[in-house]
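Engineer: Protein chains in written order, with numbering that gives the first Met the number 0: chain Y, 0 to 92; chain Z, 0 to 720.
In case anyone wonders, no lab produced these hints; they're calculated from the structure.
You may find that some hints are simply not true.
Cut-off 35 Å, straight-line C-alpha distance, at most; resulting in silico cross-link-like pairs (DSBU-like, lysine-lysine) [what the hints assert, rightly or not]:
1. Z:K111 <-> Z:K481
2. Z:K159 <-> Z:K3
3. Z:K480 <-> Z:K583
4. Z:K432 <-> Y:K66
5. Y:K6 <-> Z:K427
6. Y:K61 <-> Z:K647
7. Y:K52 <-> Y:K66
8. Z:K432 <-> Z:K3
9. Z:K217 <-> Z:K3
10. Z:K111 <-> Y:K61
11. Y:K6 <-> Z:K481
12. Y:K6 <-> Z:K480
13. Z:K111 <-> Y:K52
14. Y:K61 <-> Z:K217
15. Y:K61 <-> Z:K195
16. Z:K701 <-> Y:K52
17. Y:K52 <-> Z:K647
18. Y:K66 <-> Z:K282
19. Z:K4 <-> Z:K111
20. Z:K427 <-> Z:K583
21. Z:K583 <-> Z:K481
22. Y:K6 <-> Z:K4
23. Z:K159 <-> Y:K61
24. Z:K702 <-> Z:K427
25. Z:K583 <-> Z:K111
26. Z:K217 <-> Z:K159
27. Z:K702 <-> Z:K583
28. Z:K159 <-> Z:K647
29. Z:K702 <-> Y:K52
30. Y:K66 <-> Z:K111
31. Z:K195 <-> Z:K4
32. Z:K481 <-> Y:K66
33. Z:K481 <-> Y:K52
34. Y:K61 <-> Y:K6
35. Y:K66 <-> Z:K480
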Amino acid sequence: MDALTEKLKSRLIEILNLTDVRPEDIDENAQLVGGELGIDSIDVLEMVVMVEKEYGVVINNKDIGEKVFSTLAALADYIRANSPDSSSPDASS
Amino acid sequence: MSGKKVYIAGVGIISPLGAGLAATEQALRENSSAICPLSLFSLQHPPPLPAAQVSDLPASTLPRTHALAIAAALQAMQGCGQPPDAVILGTTTGGILTTEQLLTAEVHDPEKYCHHGLTTVAEAVARQVHCRGRALTVSTACSSGAVAISLALKMLQAGKAEWILAGGADSLCHLTYFGFHSLQLVDPEGSRPFDKNRQGMSLGEGAALLLLTTIRPKNPLAQLLGAGLSCDAYHPAAPHPEGRGAAKAMQAALDDAGLTVRDIGYISLHGTGTQDNDLAEAKAIRTLFPQPPPLSSIKGATGHGLAAAGAIEAVVATIAITRELLPANSGCSQPDPELQLSPLLHPVSQSLSAVLSNSFGFGGNNGCLIMARPDTLVAPRIRSQSAPLSILGSGCISGAGNTHESMARLLQAQAIDGMLALETISAKLPAGKVRRLKRFPRLALALAAAAFEDSGLEQGPESVFMGSGWGALSETYDFLKKLRETNEQFPSPTDFVGSVHNSAAGQVAIMYGATGPNITSSGGDYSFEQALLAADTLLDNNSAPAFVLGADEGHAQFSPLFDPSIQTSSPLSDGGGGFCLQRKELPGRCWVRVSFYRNSTATGTIGALIGELGAARTQLNDYGLIMAGIPAAADQEGRQQLAEFISKTALAVPVLHYRQFTGQFASASALAAVMAVQFLQRGEFPAGLVAAGSKGFSLSGKKILVLGLGTAITAMEFGCS
């Protein structure tokens, strides 16, 4: 597993306050929204803010959003493909 | 048997389309839109999004929402020789635009924030129109204006008042501008409701007020025939995908008015322009109306005025009736075929007898109104409200803990002030469902859970009445802080959804499947009393059980800044109380009555209170205990009022100053209400709370009077039958 996916798992737990979930509980290939984690549209928008702030990747289109947030692996791929500064994908506050 | 007819005697409107009926009508006839790039405040990252702002607002020293409300109030009262008996105003922003400026300028003087509270808008209007009765505030997000008008209708029909000035007001502000943007709900090209290319709403602002009366004016504009309220109980921000709650509210309004869908000549749609709202609303319309009448949303012209929207659209309904003008669905050029709805693409001249006006808001909060040509349609049937509000269950949270822990301390004559740890409040709440919730909604949910458990009910109550002086302070603070810290770039959408005053009541509805009326009231230190008043007004003998809750959170930064009774030097207190109530004769149960509520403290108010409580001395002698709530900021006034009450009634009854034990917070009266019920159930109260060293006082079947004193005068009575 790559570092970005690992990082995203822990950020997800932090920003969505998934207190009873550990990073290893998250399957990066499982359905992200409406799946077992109980993630809904507001959580997706919270992730949109995080992805833009920490990776400089803007997601402001619903159709793209649905693809990007289908799984955690898809989100990682999208960030890698669109990050303006791909040399530091882990840059975060 | 027919209920009282309610007439619209006058209206006031100030919106981005202009001020006054004539300007509004002209703009609607011309199908002109006021949506253009926001210029009210500057942004760190232009270009500004499209919005609709009021351009001709008279200068005022008050915050913008207050000024808008007053401008509409003065219009509505024009030509009316007497002040209204009550003012009921819907608002979500209150003085927040001014608060935002003060926070940015790092102003720390609490006095400068004196107009922050939602209640200050209704109070300012009441002062302006010389109203000495109730000044009530409804805050149910984007349905606030319609819900305020609904509450006024029910109060008038029940004969509790003859003249009420009701409506809504909201101004543009950073919180809502960036909040809706963070939810990706703002159309970058301007709102196009029901259009196939729609991408969201445009934020608006404004105020509209209706002067409602049961005394038929010579030339009434229209009759307010019915209202329907419901809650989706589905999601904090998104509507139910099938429009379930919307359809329920529309049907409830039709039933209330005694009409069928065939009587409706025009539907004023909520139509915000967001994907989800327009889809859900279209489905709801198609469910109820086999052949919908002409319909349109004006939000592509006015923008979405939030709490003002429902009131603005009620005024537009009177224009439709009196001027035979059906406005166009501005902004829509290609109706979305998926919606199977045909909104009016141009204004139409057409006479009609009745209009249905829809308003839906966050928290799945729905309010629908029906206005009609005067005296053409049947009057609504009267509802029986003869039974008392019986208490099925209650529970409280104080600095000491839950009901049991709080009572244990009180029995030792010890204070229950302070703030309970968030983990303790959340202990019995499902972790996954409350993960996004901060202190205020968790307090509300824990109170609802305690009252529900105590009630022994198997099914959750149907309606929710919530009172809060300050609402979700943590969410509001965190949203604005992040907005500042990230140079207006990355505020949290979760915090925005949570910051809405009625978010907690919406969470309670979701948790208990409460799809009936869902009203959040705000009245500073008298917020719980307002919630009880709303429940008392809406619940009839046929109503299912309801939650009535009062809660406030202590917030380290905001509480001392906003609440004048809280000093930075003293420790914060918070909590509240919750009830399951039903209007039903239940022998052996305790009951509650909200006997008096006036925002005026003018001479004669205490005399009026005594008159309401019971003209006969025997009735006054039924009290075994008076619990007095005097906020620290109004200590002197409150003590004088209490002394006047005691001296005029010559009552020799122990007086418990409950804030000395609960600590200072706006919803302390909700906590006191639960204490009163606990005392009644035990048959005695710890006398050490009244006089040091005394033993327990027996209540021997007597009632408890809970007085609210200070800037308003209120009375709640508790007894056991």
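Engineer: Against each hint, give a clear statement of whether it holds in the structure.
Structural biologist: Cross-check of the supplied hints:
| no. | hint | in the structure |
| --- | --- | --- |
| 1 | Z:K111 <-> Z:K481 | holds (23 Å) |
| 2 | Z:K159 <-> Z:K3 | holds (11 Å) |
| 3 | Z:K480 <-> Z:K583 | violated (47 Å) |
| 4 | Z:K432 <-> Y:K66 | holds (26 Å) |
| 5 | Y:K6 <-> Z:K427 | holds (32 Å) |
| 6 | Y:K61 <-> Z:K647 | violated (67 Å) |
| 7 | Y:K52 <-> Y:K66 | holds (20 Å) |
| 8 | Z:K432 <-> Z:K3 | violated (44 Å) |
| 9 | Z:K217 <-> Z:K3 | holds (17 Å) |
| 10 | Z:K111 <-> Y:K61 | violated (42 Å) |
| 11 | Y:K6 <-> Z:K481 | holds (22 Å) |
| 12 | Y:K6 <-> Z:K480 | holds (25 Å) |
| 13 | Z:K111 <-> Y:K52 | holds (34 Å) |
| 14 | Y:K61 <-> Z:K217 | violated (54 Å) |
| 15 | Y:K61 <-> Z:K195 | holds (15 Å) |
| 16 | Z:K701 <-> Y:K52 | violated (62 Å) |
| 17 | Y:K52 <-> Z:K647 | violated (65 Å) |
| 18 | Y:K66 <-> Z:K282 | holds (27 Å) |
| 19 | Z:K4 <-> Z:K111 | violated (43 Å) |
| 20 | Z:K427 <-> Z:K583 | holds (30 Å) |
| 21 | Z:K583 <-> Z:K481 | violated (48 Å) |
| 22 | Y:K6 <-> Z:K4 | violated (64 Å) |
| 23 | Z:K159 <-> Y:K61 | violated (49 Å) |
| 24 | Z:K702 <-> Z:K427 | holds (33 Å) |
| 25 | Z:K583 <-> Z:K111 | violated (46 Å) |
| 26 | Z:K217 <-> Z:K159 | holds (22 Å) |
| 27 | Z:K702 <-> Z:K583 | holds (19 Å) |
| 28 | Z:K159 <-> Z:K647 | holds (25 Å) |
| 29 | Z:K702 <-> Y:K52 | violated (59 Å) |
| 30 | Y:K66 <-> Z:K111 | violated (48 Å) |
| 31 | Z:K195 <-> Z:K4 | violated (41 Å) |
| 32 | Z:K481 <-> Y:K66 | holds (28 Å) |
| 33 | Z:K481 <-> Y:K52 | holds (12 Å) |
| 34 | Y:K61 <-> Y:K6 | holds (24 Å) |
| 35 | Y:K66 <-> Z:K480 | holds (32 Å) |
In this structure, the hints that do not hold are numbers 3, 6, 8, 10, 14, 16, 17, 19, 21, 22, 23, 25, 29, 30, 31, in rising order.
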